[in-house]
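Asks: Sequence:
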Amino acid sequence: DEEGISGAPRMVEDGALEGVDSVLALHVGSAVATGDIALGEGPSSAGVDGLVATIIGEGGHGAYPHKVVDPIYIASHVILALHGIVSRRLQPFEPAVVSIGSIHGGEADNVIPDRVEITGTIRYMKPEVQEQIHAEIKRALEVARTLGGDYEYEIGIGDPPMINDAQVVKLLREVAVDLLGEEHIQPPKKEMGAEDFGFFSSRVPGAMFGLGCLIKGDERVHHNARFDIDEHCLPIGVAVLAEAALRFLRSEKT
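Read in order, the letters of the sequence shown are residues 40 to 293 in our numbering.
Quick caveat, the hints were computed from the structure, so don't treat them as lab data.
One or more hints might be untrue.
[To be verified] Keeping only pairs whose Cα atoms sit at most 30 Å apart, straight-line, the calculated DSSO-like set for lysine-lysine is:
#1 Lys165 x Lys209
#2 Lys209 x Lys228
#3 Lys229 x Lys177
#4 Lys255 x Lys165
#5 Lys229 x Lys255
#6 Lys177 x Lys165
#7 Lys209 x Lys229
[To be verified] Using C-beta positions, here's what the derived DEER-type ranges look like:
#8 Asp189 x Ala70: 21 to 31 Å
#9 Val216 x Val260: 23 to 33 Å
#10 Ser126 x Ala102: 35 to 45 Å
Note that this is a predicted model, so its numbers are computed, not measured.
In this text, a Cβ means the ideal position worked out from N, Cα and C, and glycines have one as well.
All chains, full assembly: derive it from the sequences and hints.
Replies: Given below as structure tokens:
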């Protein structure tokens, strides 16, 4: 998951990867036809971090804004600066996202609050881009001090990027061609969602493929209350994983 409470890092801590040479996984894909898989090497999903920032002002009555330090006004400028990180501070060919998901401040329409809390999500494909985004977030938050307020913030480190190893992908592709045919292998679409399988693939060679599960004539998108799959895809996914594991084990013996 993307919330930082997933099982993968705990499994790593408990030694799940000790003695492991390679890891394989699949993820159902509701936009891919049943019978097809999406597979490719390199970055497959983004790394994710979470931002919690508090803009600190000095509240007061809304009738006297000149007597306060308005954190809502300040937060609006901070958000503009945060949204400018990707478009104005990063190299344009590097995939990245900084999105603000919530802003909370105040309870009454005539009272300017003391604080405003902002939360957001950070996505990246490369560690150096992650580092730059973190630095640019601090720069953006400095706007609060320029406007007479202050800030506190924390960036929670989440899932690392998931990178499909070239050799593992080669093995999976050979298996998929033999079982399904070349015409049923699609290139994956690069997306900025996160996947905790990255905790495994960042430590040992690994790869994840997208398993087509589209319900013909009734696509059910992910993360929606109506999500569903064509369950005919399940034996296909099991067959590809099992055969790939067997071939990998055989190659280890030779």
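Asks: None of the hints should be skipped; say for each whether it holds.
Replies: Hints and how they fare:
1. Lys165 x Lys209: Within the cut-off at roughly 23 Å; holds.
2. Lys209 x Lys228: It holds: about 18 Å lies between the C-alpha atoms, which stays within 30 Å.
3. Lys229 x Lys177: holds, 28 Å
4. Lys255 x Lys165: violated, 36 Å
5. Lys229 x Lys255: Given pair Lys229, Lys255 holds - Cα atoms ~23 Å apart, limit 30 Å.
6. Lys177 x Lys165: OK: Lys177 and Lys165 at ~19 Å, within 30 Å.
7. Lys209 x Lys229: The given pair, whose Cα atoms are some 19 Å apart, holds under the 30 Å limit.
8. Asp189 x Ala70: 21 to 31 Å: violated, 45 Å
9. Val216 x Val260: 23 to 33 Å: holds, 29 Å
10. Ser126 x Ala102: 35 to 45 Å: Taking Cβ atoms as reference, Ser126 and Ala102 lie about 37 Å apart, which means the hint holds.
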